[in-house]
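Take the sequences, apply the hints, and build the full model.
Residue numbers (my numbering), protein chains in the order written: chain L, 41 to 372; chain C, 432 to 980.
These are calculated hints, taken from the structure and not from any lab test. Predicted, not measured: the structure shown is a model, and the values here were computed from it.
Selected chain C positions facing chain L (Cβ under 7 Å, derived; list incomplete):
1) Phe-586
2) Gly-743
3) Val-761
4) Tyr-775
5) Gly-777
6) Leu-800
Quick list of simulated restraints, FRET-style, between CB atoms:
7) Gln-501(C) with Ile-99(L): 53 to 61 Å
8) Lys-92(L) with Ile-725(C): 37 to 45 Å
9) Arg-444(C) with Leu-67(L): 55 to 63 Å
10) Leu-862(C) with Phe-65(L): 30 to 38 Å
11) Ile-112(L) with Val-899(C): 37 to 45 Å
12) Glu-240(L) with Thr-504(C): 39 to 47 Å
13) Leu-499(C) with Thr-74(L): 29 to 37 Å
For each residue, glycine too, the CB sits at the ideal point set by N, CA and C.
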Amino acid sequence: MFDNFPLWPSQASSAAGNVDALFIFLLIVSGMMTLLIFTAVVYFAARYRHRKGVLAEQIEGSTPLELTWSIIPMGVFMVIFAWGAVVYFKSRTPPRDSTEVYVVAKQWMWKLEHAEGQREINELHVPVGRDVKLIMTSQDVIHSFYVPAFRMKQDVLPGRYTVAWFHATKPGTYHLFCAEYCGTQHSGMIGSIVVQEPAEYEAWMSGGTSGPLSATGEKIFAELGCVTCHRTDTQGRGPNLQGVFGKPVLLEDGRTVTADENYIRESILDPGAKVVNGFKPVMPTFQGLVSEEQLNALVAYVKSLAPAGPAGAKTAMAAPQPGAQGKGSQVQ
Amino acid sequence: MSMATATVQPVERENYLNKHYGAGSWLFTTDHKRIALLYLISITLFFFIGGFFALLIRLELLTPAGDLVQADTYNKLFTQHGMVMVFFFLIPSIPAVLGNFLVPMMIGAKDLAFPRINLLSWYLYIIGGAMMIHCMLTGGVDTGWTFYTPFSTAFTNTKIVEAGLAIFVAGFSSILTGLNFVVTIHRMRAPGMTWSRLPLFIWAHYATSIIQILGTPVIAITIVLVAAERALHLGIFDPKLGGDPLLFQHLFWFYSHPAVYIMILPSMGVVTEIIACFSRKRIFGYSFVAFSSIAIAVFGFLVWAHHMFVAGISVYAALIFSLLSYAVAVPSAVKVFNWTATLYKGSIHYDAPMLYAFGFLGLFTMGGLTGLFLAALGINVHVTDTYFVVAHFHYIMVGGALMGYLGGMHFWWPKISGKLYPESWARLAALIVFIGFNLTFFPQFILGYLGMPRRYYQYPAEFQVLNVLSTAGATVLGVGYLLPMVYFLWSMRYGKPAPPNPWNAAGLEWMTPSPPTTFNFEQEPIVTWEAYNYDEIDAGHKQEAHVVG
Chain L
41 MFDNFPLWPS
51 QASSAAGNVD
61 ALFIFLLIVS
71 GMMTLLIFTA
81 VVYFAARYRH
91 RKGVLAEQIE
101 GSTPLELTWS
111 IIPMGVFMVI
121 FAWGAVVYFK
131 SRTPPRDSTE
141 VYVVAKQWMW
151 KLEHAEGQRE
161 INELHVPVGR
171 DVKLIMTSQD
181 VIHSFYVPAF
191 RMKQDVLPGR
201 YTVAWFHATK
211 PGTYHLFCAE
221 YCGTQHSGMI
231 GSIVVQEPAE
241 YEAWMSGGTS
251 GPLSATGEKI
261 FAELGCVTCH
271 RTDTQGRGPN
281 LQGVFGKPVL
291 LEDGRTVTAD
301 ENYIRESILD
311 PGAKVVNGFK
321 PVMPTFQGLV
331 SEEQLNALVA
341 YVKSLAPAGP
351 AGAKTAMAAP
361 QPGAQGKGSQ
371 VQ
Chain C
432 MSMATATVQP
442 VERENYLNKH
452 YGAGSWLFTT
462 DHKRIALLYL
472 ISITLFFFIG
482 GFFALLIRLE
492 LLTPAGDLVQ
502 ADTYNKLFTQ
512 HGMVMVFFFL
522 IPSIPAVLGN
532 FLVPMMIGAK
542 DLAFPRINLL
552 SWYLYIIGGA
562 MMIHCMLTGG
572 VDTGWTFYTP
582 FSTAFTNTKI
592 VEAGLAIFVA
602 GFSSILTGLN
612 FVVTIHRMRA
622 PGMTWSRLPL
632 FIWAHYATSI
642 IQILGTPVIA
652 ITIVLVAAER
662 ALHLGIFDPK
672 LGGDPLLFQH
682 LFWFYSHPAV
692 YIMILPSMGV
702 VTEIIACFSR
712 KRIFGYSFVA
722 FSSIAIAVFG
732 FLVWAHHMFV
742 AGISVYAALI
752 FSLLSYAVAV
762 PSAVKVFNWT
772 ATLYKGSIHY
782 DAPMLYAFGF
792 LGLFTMGGLT
802 GLFLAALGIN
812 VHVTDTYFVV
822 AHFHYIMVGG
832 ALMGYLGGMH
842 FWWPKISGKL
852 YPESWARLAA
862 LIVFIGFNLT
872 FFPQFILGYL
882 GMPRRYYQYP
892 AEFQVLNVLS
902 TAGATVLGVG
912 YLLPMVYFLW
922 SMRYGKPAPP
932 NPWNAAGLEW
942 MTPSPPTTFN
952 FEQEPIVTWE
962 AYNYDEIDAG
972 HKQEAHVVG
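Right, dumping it as structure tokens:
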């Protein structure tokens with residue numbers, strides 16, 4: 041009926057209902073405030089319109105009234121704040137066993153790579169009813185991954201990972217927009233999210249692939265010679281990477297960091313930034329030698345070395361999620 | 432009266448407009464009123480340039496396909512619309528025109544504290560403006576007015592450094608105006624004009640000046656850093672050079688959020704004067720309205736990262752900035768309630784300035800309330816960088832700041848020009864602006880919630896109906912803005928001469944002739960009454976009696 045004139049965006053994720061509920065609450069609250077103010081203004085303006093010979097009655101003000109209309113709005117604002125904070129916190133905390141998709145944004149396209157190895161451009165297939173975590177970076181400028189039907193948006197920055205997640209609830213095809221202005225074809229940097237029933241999705245997934253991303257990463261790890269120093273015993277010149285992901289790492293300077301995606305990324309590109317305690321800063325930088333896609337594969341490989349296989353990734357997720365972003369901002 | 436005396440030009444009373452003639456007497460004037468007029472002419476020019484860009488933007492968005500202009504052209508249009516409107520119209524608008532004209536007059540001074548610095552401010556503004564126009568004519572900029580890095584420093588090949596320098600120079604104009612106002616308000620008040628007797632317009636300008644002085648240097652530094660990275664490849668913001676793009680956003684918004692209060696606070700001051708006058712009442716809760724201006728200026732500096740909730744800042748930082756954003760909403764709400772309460776038991780007149788004030792009240796309230804949506808973290812994720820934000824800030828900056836500016840221009844036009852404007856045309860224009868504004872920007876709230884991102888040159892077809900409504904509204908709005916321009920110009924030649932105080936308004940500026948003489952007051956006034964003494968005025972007390980000192 042409203043195909044060309046929708047008034048409400050479709051709800052296709054677990055977050056959509058939460059955001060809409062708060063939005064409706066705000067519509068009601070602000071509707072009431074508007075009504076109150078407009079009624080008062082219109083009523084006073086009509087009731088006290090100028091009449092010849094009738095003088096205005098001077099009123100100095102009223103501290104009790106001032107306090108009332110400061111404290112009551114503040115109280116209402118705090119409810120909105122708390123509610124908004126809860127919705128936000130949820131939307132920023134990927135569940136532990138999410139399916140992972142690596143996103144590389146560039147002017148002006150989205151490159152998406154499933155942990156299982158499937159690659160897509162400007163289109164992302166996901167199954168209904170599963171948590172999907174996006175590990176995103178940009179090859180050039182800042183972009184923003186925005187799916188209105190999921191009420192989900194996260195800027196995608198060059199030089200670091202940012203993370204977002206969603207849980208699709210309704211099969212269908214939804215807009216993927218770039219929401220951060222990124223140059224000439226910013227409005228052309230759009231794609232779609234295809235949400236499929238699990239069976240349909242499995243069929244799609246069984247299509248051709250060069251193997252899981254971590255396997256690609258293992259190959260690169262060997263080709264670049266990483267394996268000569270990062271050995272699986274204690275004799276290497278670099279730390280043994282088995283089971284490192286998601287664990288705290290003691291650094292040369294006494295600090296401790298969690299080995300998350302941004303830490304692995306930084307260690308490859310800027311090895312001297314955070315040297316592990318007991319090792320010398322001898323690793324060369326791979327800045328410029330590995331593409332964003334190869335970097336993602338390497339990160340996926342290191343993650344796969346966690347002791348309990350994919351469960352290792354779960355422990356990583358247990359680390360307070362802001363890590364992925366908060367740490368990111370500290371990296372620089 | 433005989434024909435002879437009618438044809439002989441009556442000797443015109445000497446005033447600031449006719450005391451000297453010739454271009455030199457304007458270009459080298461140190462009279463704050465003449466400088467105000469220089470600003471009025473220049474910002475009006477920029478307003479119509481920015482408005483022209485807006486019109487082209489709306490025309491392009493009439494259809495989903497990108498068909499009117501090239502994508503790069505469109506990107507330059509919205510960038511330059513933003514830069515021109517923010518830095519060359521809204522920020523100088525009320526302070527540099529009405530503030531310049533009225534701050535000395537309202538406090539009973541002959542001029543601002545530093546008249547020559549005042550002239551220097553205008554020259555800096557003109558130099559910055561000329562650089563901006565040159566930049567736009569020779570290629571333009573396409574980064575959005577926000578200059579986000581690393582796009583601005585490493586990826587675009589448009590004229591970033593030139594546009595940045597134009598804003599840098601114009602920024603000093605803003606700093607110097609603020610400095611001049613602060614010193615003037617502290618040092619030049621007439622005897623008896625205590626802080627608690629100041630018109631609230633002055634309080635609003637005092638708060639604005641503090642932001643101009645403290646905030647503007649930060650954007651200046653930021654622009655220098657962008658230029659340094661772009662020209663010298665110093666790694667500050669670009670991660671490829673070891674910089675941090677989020678650092679830019681922090682620095683940019685540290686100024687650019689308070690800058691919104693540079694635009695809206697003076698407008699609040701104007702509206703306060705108008706509501707008091709046309710309700711014939713002392714403003715309800717004078718000291719709360721005065722201190723809420725200061726509170727807004729202070730809290731306004733603590734909320735900048737609410738522009739960055741999805742930019743990659745930590746969740747905990749986001750929580751704090753959301754909380755503080757609600758804190759800054761309280762003093763704004765207090766003002767709205769006090770204005771409303773001032774109407775209570777007033778004697779309300781519906782002249783054009785008051786219609787603009789009513790318009791301001793409605794639009795600012797809606798702009799403020801939609802700010803509550805954006806400050807709510809959970810909702811912000813969905814609506815930030817969409818048309819919801821575009822609609823919100825236009826309700827504040829156009830619905831609020833510009834309505835206040837137009838209201839103020841009508842209110843003080845008789846004083847500034849010495850002529851009366853045609854009242855019924857002015858009421859019609861106020862109505863057209865109000866309708867056109869809502870038709871333009873209300874549909875954008877819906878567009879934003881539906882998910883249409885901002886700065887889109889082409890868009891999916893389902894967004895078209897709302898975009899057509901918005902473009903239709905923009906056309907109406909354009910007519911509403913042209914009308915005052917036409918009848919103000921008309922009135923300068925054909926308008927009836929204005930009496931000194933056509934509104935029977937309170938305030939020292941109304942005790943001078945219209946237009947005032949160069950030094951405003953014959954003798955230094957001595958103030959023995961409170962602000963907004965409408966009871967005394969309407970009871971027939973002659974204030975002039977007090978002036979003779």
